[in-house]
Structure formats: C-alpha cells, structure tokens
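Please model the complete structure; the sequences and the hints are all you need to start from.
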Amino acid sequence: KLVNLRHVCSDSFSMGIPVGLGMLTSLRTLPTIDASEQWGGKLSELQTLSKLQGLRIEGLQHVEVQEAKEVKLGMKNNINELLLSWAGLDPTGDDLLENEKMVLEALQPHANLSSLEILCYPAKEFPPWVREMTGYGGSPFSNLVRLIINRCNGLEHLPTS
Numbered sequence: 115k116l117v118n119l120r121h122v123c124s125d126s127f128s129m130g131i132p133v134g135l136g137m138l139t140s141l142r143t144l145p146t147i148d149a150s151e152q153w154g155g156k157l158s159e160l161q162t163l164s165k166l167q168g169l170r171i172e173g174l175q176h177v178e179v180q181e182a183k184e185v186k187l188g189m190k191n192n193i194n195e196l197l198l199s200w201a202g203l204d205p206t207g208d209d210l211l212e213n214e215k216m217v218l219e220a221l222q223p224h225a226n227l228s229s230l231e232i233l234c235y236p237a238k239e240f241p242p243w244v245r246e247m248t249g250y251g252g253s254p255f256s257n258l259v260r261l262i263i264n265r266c267n268g269l270e271h272l273p274t275s
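So in my numbering, the last one in the sequence shown is 275, and the numbering has no gaps at all.
Think of the hints as simulated: they come from the structure by calculation, not from any bench. For every residue, glycine included, the Cβ atom is placed at its ideal position computed from N, Cα and C. You can trust all of the hints, since none of them are fake.
The calculated lysine to aspartate or glutamate pairs, modelled on EDC-like cross-linking and capped at a C-alpha distance of 16 Å, are:
1) K238 / D209
2) K186 / E219
3) K215 / E270
4) K156 / E181
Label-pair distances were calculated between CB atoms; the ranges are:
5) E212 / P273: 18 to 26 Å
6) H176 / P241: 15 to 23 Å
7) E212 / E184: 18 to 26 Å
8) V133 / E239: 34 to 42 Å
9) V117 / R265: 36 to 44 Å
10) H121 / L272: 30 to 38 Å
11) D209 / S229: 26 to 34 Å
12) M137 / L210: 29 to 37 Å
13) T146 / L210: 22 to 30 Å
14) E270 / K165: 36 to 44 Å
Structure follows, in structure tokens:
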C-alpha cells in the first residue's frame, strides 16, 4: 500500500534493510542504511530504487561482493550524494582485504555523482573507479565537487590528479 512513498527521513537513526524495501520504487530519500542490522532484507533490495537522490550505507563489512553487485549503483543516475562506510575493522589477511576492495568496486556509482564520502575502508588500495575519479579531463565523474576519505588507515595511496 505504500508503493508511492517517496521519503523516509530521520537524522537520528540508521535502519536495517527491511524485506520488501525494493517494492517502494518511488523512494527518493532514505535514512542511513545499516547493512549490519538484521531486519531480514539484503542490500540487493536497493536494486529497484532508481529514483533515490542520495544514499548512505554503513556496515559494508557485512556485505558480500555479489550482493553489492546486485545493487547496481551505476544505473542509479539520480544519486548525487553517496556515503559508503565500513565499521572500524582492523582486518588481517589479504583475502579479507581483497573482498572489501571488490565490494567497493561493485558499488561504483553513476558518473552524475557530486559528493562521495568513504569511511573506514580497510583495504590497501582503492579500486580503479576511485583512483581515476580525480583525474583531470579523463574522469567520468565530472560533476564531483566533494570527496571525503576518512579513517581509511590501511590505504597506501590516495587518489591523485
């Protein structure tokens, strides 16, 4: 009955992903999504939400690569602000670090993005789409005006222009 719902707003809490969220295809605004919360749904519920104008996802350390691919962020051309956050993990093992890099690779947004914030990303390097986004003339992210990289202590290199 809420299929035409456009805005679910809250500055004071994050929410897990409820089963059926993907049926609310008119949504433009969501509170912060916490992928570590067990509300029954998976991150892939976001796949059909093509009208979202901004997206904040926390708890990405709980997301599998395939699930991240199913979100299809690259197809969501209305998203102009994106926050991607891992918990402050201190992972050990190259396999875990590679998984987190592949999750971020799978979450590549549409080039219309104007603001990107990456928090607590644990891997040593960014996937190519992040490394290339600051290049002059060659970056598909020509609308990007704000890039915040915070508490990514394992990074060996930052994106450069």
